[in-house]
Amino acid sequence: MNIQVDLQESDKVLKGHISGEIDAHTAPVLREKLEPYQNIESLNAELNLSEVNYMDSTGLGVFVAFYKSVNSQGGHLKLSGLSARLKRLFDITGLGDIMDIESAGKGGN
Amino acid sequence: MVQKIGSQYKEILNQYMQRQSEQNLYVGQNFSRQLISENTAPEDVISMHKAAMQELYEEMPETVWHSFDFLIEMMINYGLALQERQSLLQRQEELRMEMDLAANVQETLLKTKMPALEGLDIGLLSVPLRKMNGDYIYFISDDNGHAGIAVADVIGKGLPAALCMSMVKFGMDSLNDSLAFPREVLSTINRIVEKSVDDFMFVSMFYGRYEAETSILTYGSAGHEPAVLYRAEAGEFEELTVKGLLLGVSTMATYEEKEVKLEKNDMVIMMTDGVTEGRTAEGFIGREVINELILRKKDESAQVIVQYVYDELVRMQNAELSDDFTLVIYKKV
Numbered sequence: 001m002n003i004q005v006d007l008q009e010s011d012k013v014l015k016g017h018i019s020g021e022i023d024a025h026t027a028p029v030l031r032e033k034l035e036p037y038q039n040i041e042s043l044n045a046e047l048n049l050s051e052v053n054y055m056d057s058t059g060l061g062v063f064v065a066f067y068k069s070v071n072s073q074g075g076h077l078k079l080s081g082l083s084a085r086l087k088r089l090f091d092i093t094g095l096g097d098i099m100d101i102e103s104a105g106k107g108g109n
Numbered sequence: 001m002v003q004k005i006g007s008q009y010k011e012i013l014n015q016y017m018q019r020q021s022e023q024n025l026y027v028g029q030n031f032s033r034q035l036i037s038e039n040t041a042p043e044d045v046i047s048m049h050k051a052a053m054q055e056l057y058e059e060m061p062e063t064v065w066h067s068f069d070f071l072i073e074m075m076i077n078y079g080l081a082l083q084e085r086q087s088l089l090q091r092q093e094e095l096r097m098e099m100d101l102a103a104n105v106q107e108t109l110l111k112t113k114m115p116a117l118e119g120l121d122i123g124l125l126s127v128p129l130r131k132m133n134g135d136y137i138y139f140i141s142d143d144n145g146h147a148g149i150a151v152a153d154v155i156g157k158g159l160p161a162a163l164c165m166s167m168v169k170f171g172m173d174s175l176n177d178s179l180a181f182p183r184e185v186l187s188t189i190n191r192i193v194e195k196s197v198d199d200f201m202f203v204s205m206f207y208g209r210y211e212a213e214t215s216i217l218t219y220g221s222a223g224h225e226p227a228v229l230y231r232a233e234a235g236e237f238e239e240l241t242v243k244g245l246l247l248g249v250s251t252m253a254t255y256e257e258k259e260v261k262l263e264k265n266d267m268v269i270m271m272t273d274g275v276t277e278g279r280t281a282e283g284f285i286g287r288e289v290i291n292e293l294i295l296r297k298k299d300e301s302a303q304v305i306v307q308y309v310y311d312e313l314v315r316m317q318n319a320e321l322s323d324d325f326t327l328v329i330y331k332k333v
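Residue numbers (the numbering used here), protein chains in the order written: chain A, 1 to 109; chain B, 1 to 333.
Hints are computed from structural coordinates only; laboratory data are not their basis. Please read all numbers here as calculations on a predicted model, not as lab measurements. Quick reminder that beta carbons are idealized off the backbone N, C-alpha and C, glycines included. Check the hints yourself; a few may be wrong.
Said to hold, decoys possible - Calculated cross-link-like contacts (lysine to any residue; reagent style SDA-like; alpha-carbon spacing at most 20 angstroms):
1) A:K87 / B:L240
2) A:K68 / B:L240
3) B:K243 / A:H76
4) A:K78 / B:F200
To be verified - From the derived model, a few chain A residues whose C-beta atoms are all more than 12 angstroms from chain B:
5) I3
6) V13
7) A24
8) K33
9) D91
10) G94
11) D97
12) A104
Unchecked claim - Facing chain B, according to a computed beta carbon distance under 8 angstroms, are these residues of chain A, among others:
13) N53
14) S57
15) G61
Could you put together the complete structure from these sequences and hints?
This is the structure:
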């Protein structure tokens with residue numbers, strides 16, 4: 001059970017890299033780390049999830065909450081580097097249609 | 001009382017001072033247990049020790065007595081910490097009892113009646129990970145062979161998830177329509193959930209409307225794990241994918257619906273992600289594994305199949321499931 005969250009923000013641009021597992025144990029850590037940025041107006045955020053090897057629905061909840069608050073402040077959130085497994089999770093939940101997500105290797109798994 | 005304990009302590013101490021045997025030490029240990037059970041504070045034990053020493057060894061230098069006074073001061077905060085621990089233990093016990101009560105209320109509240117439909121065998125199993133279940137099955141049926149089923153899963157576990165689930169139940173109750181189509185049901189529940197929950201709380205839900213006369217299942221999904229159709233004649237499984245956003249994310253969400261006609265021995269397998277998200281030491285338990293388990297028992301009744309799948313998945317994960325588990329099978333007979 002481990003997670004690593006690296007976030008760097010300057011001039012309303014947030015770049016993030018998350019690695020490890022996002023589940024019921026680690027999701028609160030992620031939520032806490034993202035919290036300071038959620039009320040920045042017109043934030044342009046990109047979180048890279050290419051090294052997230054497991055995520056369950058609790059993790060999804062954290063991203064959706066962050067997405068909703070960034071959106072309501074006129075900002076934009078992009079999630080990149082999604083593995084096939086993560087991509088499926090976003091697709092099943094219908095979130096893939098409303099959120100800006102990008103798979104890891106386009107055209108392959 | 002205090003005096004009696006004091007003289008008992010003096011006696012035990014005196015025995016030990018004369019002869020440092022295991023036996024005397026053991027008597028002391030037992031005595032300390034008695035003191036703990038009587039909630040004696042650590043500083044009082046030291047006071048008692050000082051008093052006993054003063055009686056037994058009057059001639060000790062003043063500095064020794066001062067050091068005891070100092071030690072007593074030092075121990076006062078330990079005494080407070082001990083008191084705090086005791087009240088926490090009591091509080092925890094109260095909470096545990098409250099949770100038990102809440103779990104009972106939930107069980108009664110969320111009870112649903114499995115419909116009896118001509119030509120349809122239904123099996124279901126829902127096992128909560130903790131006391132409260134974040135998964136939910138709701139049936140509604142009439143006497144003309146119509147039945148609706150909702151299989152829902154709240155993101156999150158435990159008490160908050162369970163409270164959120166009651167909301168879904170009341171939404172379904174107020175709809176109260178066994179003829180309703182998935183699109184309508186999901187939109188209605190979405191509006192209710194969207195209005196009432198926190199930003200990080202969502203519900204996924206599968207809804208199926210079945211008509212016994214035509215054997216047609218119309219289904220829709222709000223971000224829920226896709227149901228699986230088993231075609232008996234071809235011996236093949238297919239995912240029943242259908243577009244729809246999780247409940248509670250956006251009021252703008254619309255829900256697609258599709259239909260499928262069941263033939264003899266076909267099965268529709270509905271589940272929550274507690275079934276598909278299983279992990280073993282070697283990795284994830286894939287859908288293929290679940291399909292394989294179902295195939296092994298395909299000629300049994302729907303209830304036997306769901307129980308078998310559950311038992312096997314529990315066994316594979318060394319009896320440690322990581323989520324609420326809900327599995328429903330419709331089998332056309």
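We went through each hint and held it up to the structure:
1. A:K87 / B:L240: 18 angstroms, holds
2. A:K68 / B:L240: Measuring from Cα to Cα gives roughly 29 angstroms; hence the hint is violated.
3. B:K243 / A:H76: 24 angstroms, violated
4. A:K78 / B:F200: 18 angstroms, holds
5. I3: Answer for I3 (chain A): holds, closest chain B Cβ roughly 16 angstroms.
6. V13: About 23 angstroms separates V13 (chain A) from the closest Cβ of chain B, which puts it past 12 angstroms; holds.
7. A24: Non-interface label fails for A24 (chain A): nearest chain B Cβ at 6 angstroms, not farther than 12 angstroms.
8. K33: Nearest chain B Cβ is 14 angstroms from K33 (chain A), so the label holds.
9. D91: 9 angstroms, violated
10. G94: It is violated; G94 (chain A) is separated from chain B by about 3 angstroms at its closest Cβ, not greater than 12 angstroms.
11. D97: The claim is violated: D97 (chain A) sits with its nearest Cβ about 7 angstroms from chain B, within 12 angstroms.
12. A104: 18 angstroms, holds
13. N53: Constraint on N53 (chain A) not satisfied, violated at 10 angstroms.
14. S57: 4 angstroms, holds
15. G61: 4 angstroms, holds
Checked against the numbered hints given earlier, the structure breaks hints 2, 3, 7, 9, 10, 11 and 13 and satisfies all the rest.
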